[in-house]
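Visitor: Going line by line, the protein sequences match chains U and H. Numbering-wise (the working numbering), the first sequence opens with residue 1 and increments by one. Numbering-wise (the working numbering), the second sequence opens with residue 523 and increments by one.
A couple of the hints might just be wrong.
[Stated by the list, open to error] Calculated pairs, SDA-like style, for lysine to any residue (alpha carbon to alpha carbon, straight line, at most 20 Å): (1) U:K273 / U:F422; (2) H:K645 / U:S363; (3) H:K639 / U:K273; (4) H:K639 / U:T167; (5) H:K645 / U:T167.
[As the list claims (entries may be wrong)] Just so you have them, the derived chain U footprint on chain H, three or more residues with Cβ under 8 Å: (6) 591 to 605; (7) 637 to 645; (8) 666 to 679; (9) 727 to 741.
[Stated by the list, open to error] Every beta carbon over 10 Å from chain U, so not counted as near; a handful from chain H, in silico: (10) D568; (11) T609; (12) S631; (13) S723.
It is worth saying that the hints were derived from the structure and are not from the lab. The C-beta atom is built at its ideal place from N, Cα and C for all residues, glycine as well.
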Amino acid sequence: MNKMSDSSLITPKALKHLKKRRAADARFRLYGIAAIVFALSALTLLVIAIGTRAYSATTQYVLQTEIMLDADLVAPEGETSEAEITRNIEGFYTLVRDKLFSEFPESTQTQASRQELSELVNRLAVLPLAKRVATNPTLIGKTIQVRVPLSDDLDLYLKGGSPKDVTVRIGSAGKIETDAEGKARLSSTSGLSKVTSTRSLLEEGKATGSVLLAGGETVARIDSLSPDAAELTLLTGTFEQLANEPLVAHIIPLPEAERPISDQQIAWAIALKQAGNARRVLHTSLVTHTDSTYPELAGTLAAIVGSLLTMMVTACVAIPMGIFAAVYLEEFAPRNRLTNLIEVNINNLAAVPSIVFGLLGASLLLGTFGLPRSAPIVGGLVLALLILPVVIIASRASLRSVPPSIRSGALAVGASRMQAVFHHVLPLAAPGMFTGAILGMARALGETAPLLLIGMVAFVAEVPKSATDEATALPVLIYSWASNAERAWEPMTAAAIVILLSLLVIMNVVVVFLRRRFERRW
Amino acid sequence: MDTVGPAKTDLALTGEGADKTQALTYPRIDCRNVSVYYDDKQAVFDVSLAIHDRAVTALIGPSGCGKSTFLRCLNRMNDTIEGAKVTGDIFMEGENINSPDVDPVLLRSRVGMVFQKPNPFPKSIYDNIAYGPRIHGMVDSREDLDAVVEKSLRRAGLWEEVKDRLTQPGTSLSGGQQQRLCIARAIAVRPEVILMDEPCSALDPIATARIEELIDELRKRYCIVIVTHSMQQAARVSQRTAFFHLGNLVEMGDTDQIFTNPRERRTEDYITGRFG
Chain U
1 MNKMSDSSLI TPKALKHLKK RRAADARFRL YGIAAIVFAL SALTLLVIAI GTRAYSATTQ
61 YVLQTEIMLD ADLVAPEGET SEAEITRNIE GFYTLVRDKL FSEFPESTQT QASRQELSEL
121 VNRLAVLPLA KRVATNPTLI GKTIQVRVPL SDDLDLYLKG GSPKDVTVRI GSAGKIETDA
181 EGKARLSSTS GLSKVTSTRS LLEEGKATGS VLLAGGETVA RIDSLSPDAA ELTLLTGTFE
241 QLANEPLVAH IIPLPEAERP ISDQQIAWAI ALKQAGNARR VLHTSLVTHT DSTYPELAGT
301 LAAIVGSLLT MMVTACVAIP MGIFAAVYLE EFAPRNRLTN LIEVNINNLA AVPSIVFGLL
361 GASLLLGTFG LPRSAPIVGG LVLALLILPV VIIASRASLR SVPPSIRSGA LAVGASRMQA
421 VFHHVLPLAA PGMFTGAILG MARALGETAP LLLIGMVAFV AEVPKSATDE ATALPVLIYS
481 WASNAERAWE PMTAAAIVIL LSLLVIMNVV VVFLRRRFER RW
Chain H
523 MDTVGPAKTD LALTGEGADK TQALTYPRID CRNVSVYYDD KQAVFDVSLA IHDRAVTALI
583 GPSGCGKSTF LRCLNRMNDT IEGAKVTGDI FMEGENINSP DVDPVLLRSR VGMVFQKPNP
643 FPKSIYDNIA YGPRIHGMVD SREDLDAVVE KSLRRAGLWE EVKDRLTQPG TSLSGGQQQR
703 LCIARAIAVR PEVILMDEPC SALDPIATAR IEELIDELRK RYCIVIVTHS MQQAARVSQR
763 TAFFHLGNLV EMGDTDQIFT NPRERRTEDY ITGRFG
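Chain H extracted, bound-state conformation (with noise of 0.2 Å):
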C-alpha cells in the first residue's frame, strides 16, 4: 500500500531541518481564493491568506464561521467527507496541494492534525505512536523506532509521565495526556505543518495551559494552525490571527493587532463580545 514517506520526495523537508533559517515571516503555506462547498450550500468564501512558517497562527470567529472547514482544506481532510468540493489555490512549498495530482495520504503525513476530541487509538501507547512511521516505512530498525517513540513522545512533555507503561493502552490515559499523545503521535510524521482543531476545548483547565505551553514549545519547530473558541487562548499562543464571520475572512494579522486594533468593526465587535 501507500508507504510512500516523505523521505523519498524531493521536497522532503522534515520541518525539524536546523539547517533551515526561514525568517519568521516566510510564508509556508499561501491560500488564494479558497472556497469550499458542501453539496450545493457554500461554507467558506473566497479566503486567501498566507501561513507563516515557525509561528502559530490561531483561526477565530463564532459557531459555523467556516474556520474548521477552512482548517481541513490544508490537509485535504474535506476529500473524505461525501459532497465536500474545495476549490481554489493552495501553495505549500510552491505546490499547489489543492491539485488533484497531489496524494493527499503524503500530504497528510507532512500537515499533521490533532483533533478536537483526543482520539487516540485504542492500541499501546508505543503503538499509537509508532504506527505512523511504520505505515510510511520512515525506520528500519527496532531500535529507530524506539528513538522516534522516545523523541515524539518528549517534544509532547509527554515522555516524563508515560515512559513506563508505553504497552498500556492509550486509552487508559487522562483527557488531557490523551490529547499530548495525540499531538505526539502527529509529530512522530515528521510533519511541517500541525493543524490543531480546537485541542482543548474538551480539556479543564490545567490540562489546557499544559498543551498552551506545548503549542509555544512546538512552534520553534513547526507551522502550527490552530482554530480555537476562546479568544484569550488565540491571544496566548498565537502569533497570527485570523478572524472568520459567515465563511468569509474577515481581517487577518498580527495577534497584537488584531486584539488591541481591530481594523474592521465585526472583529472589534467580537472580540468585545458582543456577538459569538
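One chain only, chain U, in its complex shape (with noise of 0.2 Å):
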C-alpha cells in the first residue's frame, strides 16, 4: 500500500508543483494580453487624437457666390491670353470684392470697413478662378458660380474653433426703439436675462468681451446689456428684420482686440453663412494645392508628388542594390574574414541614426558631386543609403528560410548555380524580399530628419515635374506646419499626418496582398 503511494501521480508534492506551474503560466498569460491591450490603447488614442483634430481640416467654408466675369477687368487691353490672365489677379480679386461690396453696402463708407470687408476673402484664393477662366476664355462676360475660399480665421470661427462663441436663443425681439443717432434699445425680452447670466458665467463678471444679436441676415452688437434692456449698433442688415425675425446672441468671451477678427467680420460672416453665401464644402483643395503661406490656400500636393518622387529614387536604388547584395552575401560569397567583417558592418550601419545618413548626403551629394539641392533624387539616394541595411538584412533572412533540398534538387537535375538560384530559391524568397524592401521604404517615406539636412524643407509652389525640380516630401511638409504660430495650421498638420499615415497603410497593404499572393510552401 505504501510502495503504491509513492508511486501515485496526485502527491501533495506534485499538487504544490502543478499549483505553482498553473499560476506562473495565467500570470504569463496576463502579461501578454496586458502588453497587447497597451499596445492596442495607444494606437487607437494616436488614431482618436489625429483623427479628431484632422476632421475639421476636411471641410472648409467658401464664399459661393454668382460672378459677371467683366471683360474690362479680367481681360484689361482684350488680352485673353492663358498668361495674362492668369497673372491677373487683381482683376478677379475685384470681382469677388465688389461683389462683397454689393452685398454689405453699408461697408462702404470708410475706408477702413472696406478694407476690413476685403480681408474675408485672401488676394489669392482667386488664382484657382483665374486658372479656370485662363483656360477657357470663352467664359469671359458671363455670369458663372464661384467658390472662393474664406480666410482661415472666418473659417475657424465658423467650424466653431476660435474665437469660441456660445449661442443662446432668445427668441423674437419684440419692440426695437431707435433714435435719431442710429442707436437701438431692445426692452423686456425674456432672454435678455438668460444672456446676462451666461456672459458673466463665461466672462467672469468682467464684460470685456462682445455679444453680437443675429436675426436673419441682420447682425448687431450689444453695446450695454442688462437683464430687461440692451442698447444695439448695427452692424449689417436692417432693425426691421431684427425685430421680425427669431434672434440668436452669440457670446464671445474674448476681447475684440486680442482675436484676429472684428466683430464686424463675424458680423459679416453671420450673415454670409444666413444668406447660405458662405458654405462649408468638402477641402479639396487639401489634396489639389501645393503649399502657401496661407492656411486655408495650402495643400499637400506638391510634397506628395515630392514624396512620391523621392520613394521612386529610393526603391529604384536600394532594392535592387539591397537584393543583389544579399543574393551574393547569401548564396555566392565565400565565408571569410572579409565577408564576416562586411556582414558585421551591414548589420551596424543598420543602427546608424538617419541625420548622419542627411549630412552624408549634403556633404558628399550635394558638395563633392554638385547635384541638385532640394531635389528628390538627392532625397531618394540618401534615403535608399538609410534603408539599404534593412533591406539586405530582410532579404538575407528571407533567402536563408528557403530550405537548402530546394537547392540541391536544383544542382542534382544539372542546373548551375545561377540557375538554381535565380529559377528556385528566388522565386521562393520573393515575397520576404519584398515585404522587407516595403517595410524599408515605409520607414524611409517617414524619415524627416536627412531631408532637412539636404535641404528639402523649402517652400515649394510648384508641383516638381521631375526628381530634379525642387521640392519637398510630406514628414517635412508637416514638420514646417506643425512650426506655424497661426491656430488654422493645427487642423491642417493633423490632416497631413492623415495623409502621410494612409500612404503607409496602402503600402503595408501591399505588403500583405504581395505575401499572400507569392507565398508558396514546400
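Please dock the two separately framed chains into a single complex, following the hints provided.
Guide: Below is the structure:
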C-alpha cells in the first residue's frame, strides 16, 4: 500500500508543483494580454487624437456667389492669352471684392471698413478662378458661380474653433426703439436675462468680450446689456429684420483686440452664412493645392508628389542593390574574414541615426558631386542609403528561410548555381524580400531629418515635374506646418499626418497582398 | 547560361540506348583512392571501388561512416559544400570526373540524384519534370516536352496516379509519390547513373515497397547507387554491396556473398546487428 502511494501521480508535493506551474502559466498569459491591450489602446489613442484634430480640416468654408466676369477687369486691353489672364489676379480679386461690397453696402462708407470686408477673402484665393477662366476664355462676359475660400480666421470661427462663441436663442425681439443717432434699444425680452447670466458666467463678470445679436441676415452688437434692456449698434442688415426674426445671441468672451477678426467681420460672416453664401464644402484643395503661406489656400499636392518621386528614386536604388547584395552574400560569397566584416558592418549600418545619412548626403552628394539642392534625386539617394541595410538584412533572412533541399534538388538535375538561385531560390524568397523592401520604403517615407539637411525643407509652390526639381516631402511639410504659429495650421497639420499615414497603410496593404499572392509552401 | 546538354558531347550516352550491350559486370564508374576532407577533417579514406552498369550498388554502414559523403563525390555535389575537398580519381567512361576541367553541371545532368527527404520544387508536377529538360535545351517543342514528362512519369510508376492533375503543385502529393516524382525528375534529364541517398528513410513501408519495386525496374536501364541504413533493403534491391566503416571501405562484393559469407569480421558484426 505504502509503495503504491509513493509512485502515485497525485501527491501533495506534485500538487504543489502543479499549482505553482499553473499560476506561472496564468501570470504569463496575463502579461501578454496586458501588453497587447496597452499597445492597442495607445494606437487607438493616437488615431483618435489625430483623427479628431484632422476632422475639421476635411471641410472648408467658401464664399459661394455668382459673378459676372467683366471683360474690362478680367482681360483689360482685350488680352485673352492664358498667361495674361492668369497673371491678372488683381482683376479677379476686384470682382469678388465688389461683389462683397454690393452685398454689404454699409462697408463702403469708410476706407477702413472696406479694408475690413476685403480681408474676408485672401487676394490669392482667386487664383484657381483665374486659372479656370484662363483655360476657357469663352467664360469672359458671362455670369458664373464661383467658390472662393474664406480667410482662415473666419473659417476657424465658423467651424466653432476660435474665437469660441456661445449661442443663446432668445426668441423674437418684440419691440426695438431706434433714435436719431442710429442707436437702438431692445427691452423686455425674456431671453436677455439668460444672455446676461451666461455672459457673466463665461467672462467671470468682467464683460470684456462681445455679444452679437443675429436675426436673419441682420447682425447687431449689444453695447450695454442688462437683464431687461440692451442697447444695440447695427453692424449689417436692417432693424426691421431684426425685430421680426427669431434672435440668436453670440457671446464671444475673447475681447475684440485679442482676436484676429473683428466684431464687424464676424457679423458679415454670420450674415453670409445665413444667406447661404458661406458654405461648408469638402476641403479638396488640401490635396489639389501646393503649399502656401495662407492656411486656407495651402495643400499637400507638391509634398505628395515630392514624396512619391523621392520614393521612386529610393526604390530604384535600394531594392535592386539590396537584393543583389543579399543574394551575393547569401548564395555566392565565400565565408571568410572579409565577408564576416562586411556582415557586421551592414548590421551596424542599420543602427546609424538617420541624420548622419543626411549629413553624408549634404557633404558628399551636394558638396562633392554637385547634385541639385532640395531635389528628390538627392533625397531618394540618401534614403536609399538609409534603408539599404534593412533591405539587405530582410532579404538575407528571406533567402536563408528557403530550405537547402530546394537548392540541392535543382543542382542535382544539372542546374548551375546561378540557375538554382534565380529559378528556384529567388522566387521562393521573393515575398519575404518584397516585405522587407516595402517596410524599408515605409520607413523612408516617414523620414524627416536627412531631408532637412539636404534642403528639402524649402517652400515649394510648384508641383515638381522631375526628380531634379525643387521639392519637399510629406514629413517635412508636416514639420514646417507644425511650426507655424497660426491656429488654422493645427487641423491642417493633423490632416497632412492622416495623408501620410494613409500612404503608409496603403504600402502595408500592398505588402500583405504580395505575401498572400506569392507565398508558396514547401 | 549553361544549357549544354549531354546530347552535344561526344560521350552522349543516354542510359537508355538499346544498342548498348555491356555485360552486367562492366564497371561504369571506377573510383581510385578517393578521399574526402571537410576542412582538415578527413571523412573518407582512400576508397577504391568499381560500380557496375545495369545494377544496383548499395552502400551500407553505420551513421557517419562516410557513405553519403562518398556518394556525393560521384556527381560532385561535395563541390557545393564549403571547405569540402575531394582527392583521388573517379573514372566514368574513361574520363576522370574529379578533374577540375570537368563541368560539374554537365556531369550532374548525366549522374542524377535522389535525396533522403523528397524535395520536389514548389511548382506544378509538370514543371517539376520539365525543369531539367528545359534548362538543358533537350526539347524543341511543347509536344516533345509533354512526351518526356509522360515517359519520365511512366518510368517512375507515377503516371497513372497524376496524369489528370499535372498542373497541381508537386508538394501536394503524398510522401511516397513525392519521392517517385523526384525520381521521375532525375530520369527526365536522361542520366546514365542515378544516385539515391537513403530514398526511403522518410517513407512508410508501403511507399518504401513501391520505391523498391521501382528501383528494381530502373536497374534494367540505369546504373544505380543507393545509400541505405536498412540491410534488408540492401539485400532486397541491390546486386552489389559495399560496406563502409569509419570512412573506410571495409568490404565490397556481390550482395549474396556479403550477406551470407562476409570476408571481414566487421562486416559480419554489422550485418548480424552487433554494432551500428
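Visitor: Hint by hint, say whether it matches the structure.
Guide: Hint-by-hint comparison with the structure:
1. Distance hint between K273 (chain U) and F422 (chain U) is unfulfilled; the C-alpha atoms sit about 66 Å from each other, more than 20 Å.
2. With a C-alpha separation of about 50 Å, the suggested pair K645 (chain H) and S363 (chain U) falls outside the 20 Å cut-off, and the hint is violated.
3. The hinted pair formed by K639 (chain H) and K273 (chain U) fails the criterion: a straight-line CA distance of about 78 Å is larger than 20 Å.
4. A C-alpha spacing of about 80 Å is found between K639 (chain H) and T167 (chain U), which places the hinted pair above 20 Å, so the restraint is violated.
5. Proposed proximity of K645 (chain H) and T167 (chain U) is contradicted: the alpha carbons are some 71 Å apart, above 20 Å.
6. Counting residues of the segment 591 to 605 of chain H whose C-beta sits closer than 8 Å to any C-beta of chain U gives 4, which meets the bar of three, so the coverage hint holds.
7. Counting residues of the segment 637 to 645 of chain H whose beta carbon lies closer than 8 Å to any beta carbon of chain U gives 6, which reaches the threshold of three, so the coverage claim holds.
8. Residues of the segment 666 to 679 of chain H with a Cβ under 8 Å from some Cβ of chain U number 0, which does not satisfy the need for three, so the listed coverage is violated.
9. Requiring three or more residues with a Cβ within less than 8 Å of a Cβ of chain U, the coverage given for the segment 727 to 741 of chain H is violated, as only 0 such residues are present.
10. Every CB of chain U is more than 10 Å from the CB of D568 (chain H) (nearest about 26 Å), matching its label as outside the interface.
11. Non-interface status of T609 (chain H) relative to chain U is upheld: no Cβ of that chain comes within 10 Å, the nearest being about 20 Å off.
12. The non-interface label for S631 (chain H) is inconsistent with chain U: the shortest C-beta to C-beta separation is roughly 3 Å, within 10 Å.
13. The claim that S723 (chain H) lies off the interface holds: its Cβ sits roughly 14 Å from the closest Cβ of chain U, which is beyond the 10 Å cut-off.
In summary, the structure is inconsistent with hints 1, 2, 3, 4, 5, 8, 9 and 12 from the numbered list given earlier, while agreeing with the others.
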